[in-house]
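One-letter residues, chain by chain:
Number of protein chains: 4
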Amino acid sequence: MNKITILIHCKDLPGIIASVTNFITEKQGNVIYLDQHVDREQNIFFMRLESEFQDPNFSTETFKDCFKSNIADEFNMKWRIYSSEKKPKMALFVSKYDHCLYDLLGRYNSGELNLEIPFIISNHNDLKPIADSFKIPFYHIPVTKDTKAQAEAKQLELLEAHNIDFIVLARYMQIVSGTLINKYPNKIINIHHSFLPAFVGAKPYHSAYKRGVKIIGATSHYVTEELDAGPIIEQDVAHVSHTYTIDALIAKGRDLEKIVLANAIKSHSNRKVMVYNNKTVIFS
Amino acid sequence: MNKITILIHCKDLPGIIASVTNFITEKQGNVIYLDQHVDREQNIFFMRLESEFQDPNFSTETFKDCFKSNIADEFNMKWRIYSSEKKPKMALFVSKYDHCLYDLLGRYNSGELNLEIPFIISNHNDLKPIADSFKIPFYHIPVTKDTKAQAEAKQLELLEAHNIDFIVLARYMQIVSGTLINKYPNKIINIHHSFLPAFVGAKPYHSAYKRGVKIIGATSHYVTEELDAGPIIEQDVAHVSHTYTIDALIAKGRDLEKIVLANAIKSHSNRKVMVYNNKTVIFS
Amino acid sequence: MNKITILIHCKDLPGIIASVTNFITEKQGNVIYLDQHVDREQNIFFMRLESEFQDPNFSTETFKDCFKSNIADEFNMKWRIYSSEKKPKMALFVSKYDHCLYDLLGRYNSGELNLEIPFIISNHNDLKPIADSFKIPFYHIPVTKDTKAQAEAKQLELLEAHNIDFIVLARYMQIVSGTLINKYPNKIINIHHSFLPAFVGAKPYHSAYKRGVKIIGATSHYVTEELDAGPIIEQDVAHVSHTYTIDALIAKGRDLEKIVLANAIKSHSNRKVMVYNNKTVIFS
Amino acid sequence: MNKITILIHCKDLPGIIASVTNFITEKQGNVIYLDQHVDREQNIFFMRLESEFQDPNFSTETFKDCFKSNIADEFNMKWRIYSSEKKPKMALFVSKYDHCLYDLLGRYNSGELNLEIPFIISNHNDLKPIADSFKIPFYHIPVTKDTKAQAEAKQLELLEAHNIDFIVLARYMQIVSGTLINKYPNKIINIHHSFLPAFVGAKPYHSAYKRGVKIIGATSHYVTEELDAGPIIEQDVAHVSHTYTIDALIAKGRDLEKIVLANAIKSHSNRKVMVYNNKTVIFS
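Protein chains in written order, with our numbering: chain A, 989 to 1272; chain B, 989 to 1272; chain C, 989 to 1272; chain D, 989 to 1272.
Simulated from the structure, these hints should not be mistaken for laboratory data. A few of these clues could be false.
Because identical chains share one entry, a pair is satisfied inside a single copy or across any pair of copies.
As the list claims (entries may be wrong) - Derived lysine-lysine pairs resembling PhoX-like cross-links, with alpha carbons at most 20 Å apart:
hint, residue 1, residue 2
1, LYS1240, LYS1254
2, LYS1191, LYS991
3, LYS1254, LYS991
4, LYS1267, LYS1191
5, LYS1260, LYS1240
6, LYS1052, LYS991
7, LYS1116, LYS1267
8, LYS1084, LYS1260
9, LYS1123, LYS1077
10, LYS1136, LYS1171
11, LYS1254, LYS1077
12, LYS1198, LYS1267
The model shown is predicted, which means the values in this text are computed figures rather than measured ones.
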């Protein structure tokens, strides 16, 4: 059984859903999931659709060509079609914090994540033993002010050599350059340890402590050139009280960071995220 | 602008979405919302669709007839079509607890609820002043073991005289008979003050206290003949601790009950709920 | 039975708890609640204690004098002692939004709040019918740029005439002047419709929509001269998605605002809040 | 600096807090944490207290003796005193599910848990590679109906040889016998994958699916002879919808199980839990 996922956005016009679903029916497909969203203010239509094709000779590439000329061009759609056979390839960037790394590799080993992790990159060597114990290649690429450009060149080389689809900064602690961001637009996922837009920048738990908030949060977002201002994919929060020291906030926050990042990765790797106007549509 | 909401469920077959959306396009309608769900285990298809028609001569009744013969019969659908012009009529049954009543009438007066409340029925007179202050007719229908049948006859008379669409038991504290339930199947909404199926029956907060749970809940469900076992519409919970006395649990629970009941009523009155196999599909 | 609540904060020193609890034991009191907190960074000790005295001749005033000379002065404490017989008096300031008003008056009528509401002040007349239906005096004091000083003079007159203990701005929509704030330091409670410090200022739901957050919040805080920057008493949040329009965010937010404000009022009126360094200690 | 934790419960009487805090002050100790709770219904007093002693010759054993004769006996207290130097020893029992194991060992390696894990016991060999990669001894003790008694004898031997303080069943999937329970009363922590008391017994996610609940939960509790009925330590829940298959419920539930179990272990190992009447007092 062949299964594909279609993501579409375009100007909202009458008849789009009928046209797309007719087309799939004509191609002997069965729609097994359809969700759509209309931004009424901007008049933009979004749709995510999963379809199954029983024909053993079904070709995703042929379908794509046909979809483009018959449907997509007519409605001037931005569209993507994915075969569910192909798992996306994710590169993990880490630094010294290990909690997100343990969490993601545990999920990965359990088969919970629909993706491949060809390698881990870090600017420090501290987490190499963890990568080793999970038998995932680990590249230590130190970054200093002077070597930043070189380091990034090495990173890009690895990313391209492995046909990486998206990058996850699992508390990587380095600001990524515009070059990398432009090569992977809306494909670099960061976890920020605050409820954005509160407490952008460094040391958000210290700022949260100082402000005396009663709730802390974590935010996973796509990296854009403006720091901590990219499209938000997932957020979650936890209640805290005056009894929490900064260390206690950090400890409590780690559980948020793990789950928020894992959920953002699941949404992205299952092709449930669409980005527009620096915001996301996240289909269920 | 005419706007309708269509709810459909039937055996899952290829081409349903295409057929329905084509039909709407043919009738010059524009789909502004579509969500569907397939129960893969039971092979049942569910869909909720909102559509707008600019034709000033559009008639919901004509559309219904045409939909039945062209689409619904072909797929052997169970279906309902509502005009958004017609607000559902809700009867409120209360007893002595006032928190849900205050909450609902406050929302009603603010215009937050898409419905009409023709009257309130109670087996006690205690809450009459509240009904009066909101200028809603209040019928005091006492219920004793001996007068239960008579009381229900009076209730039915009022319900029918006002063309009531659905009934809300806002902490009504009386068990409703099978006669009423069968006249309003999946149209009587109750609020139970526990996280069902934990603590069915009377005094759930006392049971929760005794068991030492760390979370309490509230559940809104459709009333069926089996007590507290009907299809669940909405649930929510709150964390509690050993410091909570039974009275504190009850007080904390009131806020849950108010919000859970209000949300269930919103889902129902906005025609977002479908029931099957004693479960609900709640569209967003 | 006489019951008092003692709130203390001072430099952390050994023996404070022993001294205070000894003192109460000597006075034939029984401690029925004690919670303390030490800010280790600032070396400040906080304690809240409830005590019962069976002696029918017990006098809170005598106890206070004795506590001051025997305990408080020795440790250089800041302290307050309240008799539980005396309910605090709360003035409600409203404008045009009715949801918090309905919610608070519903709770008030149900006996859920340990306080008295001598009157409601508003800069508009819109909500007078609600005040009337709950039989609470309503003063319409319009505020314009030119009349602001006069209006505030009238407000102060009313507040003083009724011995008001604290003020609640239930979506009052006006910036309160420094004069009022200084007369009621940490005694004016505001509800802000965002998860502060995100989205300070006006129209936070519009800002939240624009930023594409996945969670909205509400914050209740004491009013200080810096806008939306006072000590936070209570916060809560709700998950939202791309399907929420600004109106839907506002509707969802109303439920948060109601509960967050009600909980902040309960903490304050039950003397569970202590303020220092622009932060709060909230005892359970 | 010596630091101890004292846990006390006894009949509620006047003067307990004063007596205990005086005693500590006399011994040159400084109280750095005190929380108490009174069950008013049962008239039982509970207290948790942390105290520091600067005297380099301070002996926890001497303090205990002195506390017993001077304080504990007078009030007929049940009490425990722990030196914070001594980390509790925890035995991990697992079966085939790996998510809780990965989570706990990740936390353990990060230094997040205040305990030692001398070994892991499993009735299957599947998770041995994980134990190996974290370098923790793994004992494979198969359990069949016929060998259950022998297997348990082996378990007990290991538990005693390593002076194990408490046992964690991290989805162990076997019913533990009364013998083991009686040797470790309120010292065997289980994670049940439902919101107890809903869905006791096997396959709770299947039951939750069938009942159509809108929230799933996980519960960590002490094991008693009655199945899934022991004192509850920690519970948490997550919202689900009609779109969740049983597999999706299971996947969502895994994150709950991990966090609920980890938090229960933290409360227990930090000596914050007291048990009475099949309920827990959990100090903050």
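### Task
Could you figure out if LYS1136 and LYS1171 sit no more than 20 Å apart (CA to CA) within one copy, between two copies, both or neither?
within (17 Å within a copy, 56 Å between copies)
### Task
Have a look at LYS1267 and LYS1191 and pick one of within, between, both or neither, based on CA distance no larger than 20 Å.
Intra 25 Å, inter 19 Å, cutoff 20 Å: inter-copy only.
### Query
Quick one: LYS1254 to LYS991, C-alpha cut-off 20 Å, is that within a copy, between copies, both, or neither?
Within one copy, since 18 Å is at most 20 Å while 36 Å is not.
### Query
Given identical chains, is LYS1052 near LYS991, meaning Cα to Cα at most 20 Å, within a copy, between copies, both, or neither?
within (13 Å within a copy, 35 Å between copies)
### Task
Indicate which option fits the pair LYS1254, LYS1077 if close means a Cα-Cα distance not exceeding 20 Å: within, between, both or neither.
Within one copy only: 13 Å inside a chain, 36 Å across chains, cut-off 20 Å.
### Message
When Cα atoms must be at most 20 Å apart, do LYS1260 and LYS1240 count as within-copy, between-copy, both, or neither?
### Response
between (28 Å within a copy, 17 Å between copies)
### Query
When no copy is specified for LYS1240 and LYS1254, does a C-alpha distance of 20 Å or less occur within a copy, between copies, both, or neither?
Answer is between; shortest inter-copy Cα gap is 12 Å, intra-copy 22 Å.
### Query
Is it within a copy, between copies, both, or neither that the alpha carbon of LYS1084 lies no farther than 20 Å from that of LYS1260?
Classified as neither: same-chain Cα gap 30 Å, cross-chain 31 Å, threshold 20 Å.
### Message
Reference check for the pair LYS1116 and LYS1267, CA-CA at most 20 Å: within, between, both, or neither?
### Response
The answer is neither: 35 Å in one copy and 41 Å across copies each exceed 20 Å.
### Task
Measure nothing new, just compare the shortest in-copy and cross-copy C-alpha distances for LYS1191 and LYS991 to 20 Å and report within, between, both or neither.
Answer is neither: 44 Å inside a copy and 30 Å across each miss the 20 Å cutoff.
### Message
Reference check for the pair LYS1198 and LYS1267, CA-CA at most 20 Å: within, between, both, or neither?
### Response
For LYS1198 and LYS1267, only the inter-copy Cα distance (8 Å) is at most 20 Å; the intra-copy one is 29 Å.
### Query
20 Å Cα cut-off: does LYS1123 pair with LYS1077 within a copy, between copies, both or neither?
So LYS1123 and LYS1077 pass the 20 Å test inside one copy only (16 Å; across, 30 Å).
Consistency with the previously given hints fails for numbers 2, 7, 8, ordered from lowest to highest.
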